[in-house]
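A.B. asks: Just need the whole structure built from these sequences, with the hints factored in.
Chains A, B and C are the protein sequences, given in the same order.
Take the first sequence: its position 22, counting from 1, is numbered 22 in the working numbering, and each next residue is one higher.
Take the second sequence: its position 760, counting from 1, is numbered 760 in the working numbering, and each next residue is one higher.
Take the third sequence: its position 253, counting from 1, is numbered 253 in the working numbering, and each next residue is one higher.
Just so you know, these hints were derived from the structure itself, not from any lab.
For glycine and all other residues, C-beta sits at the position ideal for the given N, C-alpha and C.
Taking CB as the label site, the calculated pair distances span:
hint: 1; chain 1: C; residue 1: Lys196; chain 2: A; residue 2: Glu43; range: 36 to 42 Å
hint: 2; chain 1: A; residue 1: Ala72; chain 2: C; residue 2: Glu431; range: 31 to 37 Å
hint: 3; chain 1: B; residue 1: Ala55; chain 2: A; residue 2: Gly114; range: 55 to 61 Å
hint: 4; chain 1: A; residue 1: Asp11; chain 2: C; residue 2: Asp377; range: 53 to 59 Å
hint: 5; chain 1: B; residue 1: Thr456; chain 2: C; residue 2: Ala76; range: 38 to 44 Å
hint: 6; chain 1: C; residue 1: Ser39; chain 2: A; residue 2: Ser142; range: 38 to 44 Å
Next come the chains, spelled out residue by residue.
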Amino acid sequence: MLSQETLKKIDREIAKYPADQKQSAVMAALALAQEEKGWLAQETIACVAEYLGMAPMAAYEVATFYNMYDLAPVGKYKLTVCTNLPCALSGGVHVADYLKQKLGVDFNETTADGMFTLKEGECLGVCGDAPVMLVNNRRLCSYMATEEIDKLLAELKS
Amino acid sequence: MLDIEIDGKTLQVPEGSTVMDAAHQAGTYIPHFCYHKKLSIAANCRMCLVQVEKAPKPMPACATPVTNGMKVFTHSELAINAQKGVMEFLLINHPLDCPICDQGGECQLQDLSAGYGGGASRYQEEKRVVVNKNLGPLVSTDMTRCIHCTRCVRFTQEIAGLMELGQAYRGEHAEIMPFVEQTVASELSGNIIDLCPVGALTSKPFRFSARSWEMARRKSVSPHDGLGSNLIVQTKHDRVLRVLPLENEAVNECWLSDKDRFSYEALNSAERLTQPMLKQDGKWINASWQQALDYVAHAFKDIAKDHGAAALGALTAPQATLEELFLTQKLLRGLGSGNVDSRLRQSDFALDGKLGGAPWLGMKIAEINALDRALVVGSFLRKDQPLLAQRLRQAAKRGCQVSLIHSADDDTLVKIFAKSIVAPSQLPGLLAQVVKSAAEQKGATVDAELAKVSVTPEAQKIAASLVSGTNAAILLGNFAQQHAQAATLHALAQQLAKITGAKFGYLGEAANSVGAYVAKAVPQAGGLNAAQILASPLKGYLLLQAEPELDCANPQQTLAALQKAATVVVMSPFKLASTLEYADVLLPVAPFTETSGTFINTEGRVQSFNAVVKPLGDTRPGWKVLRVLGNLLGLPGFEQNSSEEVRAEALAGQPEFVADRLNNQANGVVLNLSLSAAGLERVSDVPIYFADALVRRAPSLQKSLDAKQPRARMNAATLAKLGVAAGKQVKVKQGSGVAQMTAELDAGLPDNCVRVAAGHVLTAGLGAMQGTLTVEPM
Amino acid sequence: MSTQQILLAGLDPNTGDQTWHLADYVKRGGYAALKKILSENIPPENVINEVKKSALRGRGGAGFPAGLKWGFIPKAYQGPRYICCNTDEGEPGTFKDRDLMRFNPHQVIEGMIIAGYAVGSERGYNYIHGEVWSLYKRFEEALDEARAAGLLGQKILGSNFNFELFAHHGYGAYVCGEETGLLESIEGKKGQPRYKPPFPANYGLYGRPTVINNTETFAAVPWIIINGGEKYLELGKPNNGGTKLFSVSGHVVKPGVYEVPMGTPFPVLLEMCGGMRNGKLKAVIPGGSSAPVLPADIMMDCTLDYDSIAKAGSMLGSGAVIVMDESVCMVKALERLSYFYFEESCGQCTPCREGTGWLYRVVHRIEHGLGKPEDLDLLNSVTDNIMGRTICALGDAAALPVRSFTKHFKSEFEYHIENKKCLVPPEVQREGSRIYVTPNRVPSC
Ligand SMILES: Cc1cc2nc3c(=O)[nH]c(=O)nc-3n(C[C@H](O)[C@H](O)[C@H](O)COP(=O)(O)O)c2cc1C
Ligand code: SF4
Ligand code: FES
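C.D. replies: As structure tokens, this is what we get:
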């Protein structure tokens, strides 16, 4: 189900924990699986669980507990904008509105071309850089004034 | 010991006690939902908040350890306010649909809210609605009512051994659910119904049939495996509507397996036989008891006169009551025939005459929990004795090294230390290796027979584990007891126990496996055993509570014998279609709920019970029928007026345990290790819901995963060798019989083995559970 | 009062992204503390004592003395013990650990190794907030550098001390910042906090004795070892030793992370941030979103240390200072915070699972002109029923903002209820700092 490459990366994570604590690698393994597949289908979760020797339900609990796992398909780029209070004070909501209007979608929606999914995030832990957003869980973008957003979208589209 | 004061009452509690434990000891009730004495502490419901002197905040009694000199107030203003606050939170999103809730009348939330809930709700927003989950045929859900105590989740994880339920999502969106639409497959799943303090998880078979207060509650004993779980049977208008556990720490604790809990559905089955019937000129007619019993008496007398009493034989189910078993053997022996047996699935009787007493667990059931080493030989543990397996699971969690040798590799959900899976024919050899290795490690001597054996590393690991323990046990499972070399396995296990100082026992197959020995419903010197009774067709058969074509080791041979017999008398609560062909008389005798009786469980505990409902139709308790039959046959000693009198006669008193009748020590068994099987070996399990006449007829159990049609299961190598693809239909041939079934991959099977379940109509045409067969692609 | 920096000393926000490597850190005097301990064979008790003397208080929020915590690890315990670092920084307003990890990861590593030495642990994990992926990557690189240099692994620097350290990333759950939620999360489970006692010192990661501290707490340790606990204490105020990182966000000219000695007056910090961006100061949340809000006048009188802020009725918490000017509608601000706690409740214990939703819905109702006069009492009573009755402090964290906002800015709430609109006129509320909760994020609102 998962590629050799992903499994190898998962093995690297497993190696961080005591031999009888493979389950500790589940968060990383799910993240890697999501990176490969784009989202976490139930088979994918079951596959990760089996690889780590844990009950599928235990892996499912983890996948549903943490925000950054996608349990349904998302666009090629998932854009997460922080709208929490500190960010809002410096334009977080404003930026979210701008993105909505630019992409023509609301939060939790994907553009018709399947390129972008817009998500509302809770505190990303970089409030000083507000407005901030996250691309595909991994790339953090700071000081996202409207011009910066235009640039980012253009870059991602190309 | 620690001193603690609860509401002014002082007492001493052991170190490590929680405030909840102490309150329990003091007889003080602290309201709670998530706390359960058999589960880990979650402390999530917060209902048990109490005031502790010097603590600024209320503390959860379930999770607060007692400290010396602690003062606890369970009813102070602080405590009551906290409890009321929690109750309000629990109710804001609760549907309060008590009038239509099955839990109504036995709901902890309902009970407590009466005492703690405020009047009108201050919560004016919309309530949460949660979609229901499909948990299979036994457990019904109403998830909006869930209060997230996670008892069910912890049960599946900790007691049933596999986390089949979880709490997905978080915060207010948290939901209890199984993984994907997977239903809960645990054989212990029904316990989550009892554990759920509200009406979120209720019994699907029982749904909407009655309110708890409308039903009578009667004690009884489960008639299935050797454990003898204690039951509360709930009835209304002489119908059994529900079965709950009766707590008995020494036996079933507070649990029941699903078969104990849901098999009652069979009691109301359309297949119930409710009137005596006779076959006349090939047609079945209803008869009166008088007619039917006269017929039987005459037929048996005639056979005895014309062919000798030895032409009569009785086969009794090991689930029959002690009283029934006792009177059956007494009747047969009174007529002059010693041909009586209840070990229907056994195929090797070489132990007969060599065994010191009734084979039994070799210890008290509760002692399983304290084992530090265990070797289980030939057992489908979880499905054969679900609650004994559960005890082993708990023992393993505490560090007991559990090893397994067997011919199939089903997940036991017990942490297994070492295991070895070999073909049935290799099982004695494998056990011999363990014996030899243990002997070597202990410096003990072994027979010449064993000296030849070469020890594999796995066998050595198992032996080393046993040798290193201080409280070990070797346990023979159903598969070992039914094995073609059962006596050899027994003798080896006995030796191993002696060498390692381990206890040695049988995991009792049926509710009265021990009782059958005690009642002498097994052949004594000169009598034929079950296999012989069927091998040399007799003229007359008495079948008690048994369905031989499904309950016997070799259904093919069984049917042939019964079809040839002149008279077959069936005493059963049910009428099975195939029985109608060979039987001549059908006598409706009571199932366990309609008669008084006794089961002796695998630890030798004598458990008697009374009828909980009136017999259905013209049904009569088996012991009464046998007594009258004894009278009609003019036999002496059939004057008992009650089942108690029969029991007293069978047990020579009223012992609580039959300790003096139990003995696993066999002498003079000749080992037979050189077993080579030519061809494909059959590995037979008796799936949990095919194991006896009741479970076979319980519709809800029959809908569960464990009741799926038998398949021809093989490992990949065997499938390939036979040119068979998994999922394809195959013909399984054994002796003169053929069964068509689906081939299935079972990676846990040894090479050259085909696993075909017994106890099912689909496979009832096949031969012995132990033997060889052929498989052909269709 | 000193102006010494010890966490971000010599680091320039403009070039800091390049100078995080091992070599740079060593140039700044890094790993000297570890070398000192190992080469001088300083007994572990002495290390703990030094930290005790420093009065270093946990920088993650609760302010518990670190030395005391390390001392709780049972000495006689047989079997592994663990060191865990809490870099899960998810409390709105807090982003100090990010700069520390970005510019100075080796100082965190060194602090953790020393902690391991002090309590006899051979293995540690740093739990890093999932949303700042680059920090996780950088930390892994830093670990590789340290391993290659023999600073981690077997026989560190030729001594008999072994210590392994790994990075574990979160994936989006604020509650994993709670120390036992974090431990559960490392164990590969949902981050549902555990009931305490037992505390991590006795029953921590994998059920073993565990020290868990905030990133900044560990990072302060090397300096303490080199310069001595007393010196550290002298940097701050009695009982409030050392320097502290403050994450300043909101309506200031230069939001960012500032390291100042404990006890620095708030106006000084405000000055360092370039003062207010536009309007007049209205309110400050001094210790992360869960700390009670303080009106401008009270805040301007505070010094930045645990005791002063506590006296003013709030908490220094993680040192996350959220600054709001007069354009902010306090009902909207509270609504957004209440939403956050509702969204982040782990859902295990009743008061928090049910109570956070209730609080949010009532505040939401007030904000949307559907409030009732009795709602303020109701809010108070619901917070009463949450506080002190939950498994972890998230319940309190959700309740405290509600209490403080409705207490200090009661008139705004009353105005909303009576007039069904904001006391702060819409034209004053700046579009650029609009606060709201997306409608229908919560089904039954
Ligand atoms: C809901 C909640 C969130 C928390 N988040 C963090 C966090 O992000 N970082 C942190 O260091 N401590 C956090 N804490 C505090 C930790 O539980 C713990 O007190 C701290 O990590 C201990 O380290 P310290 O003593 O060095 O501060 C949080 C506590 C709670 C209740
Ligand atoms: S207070 Fe909230 S976050 Fe903490 S354990 Fe309880 S439900 Fe979870
Ligand atoms: S019973 Fe103690 S918190 Fe639930």
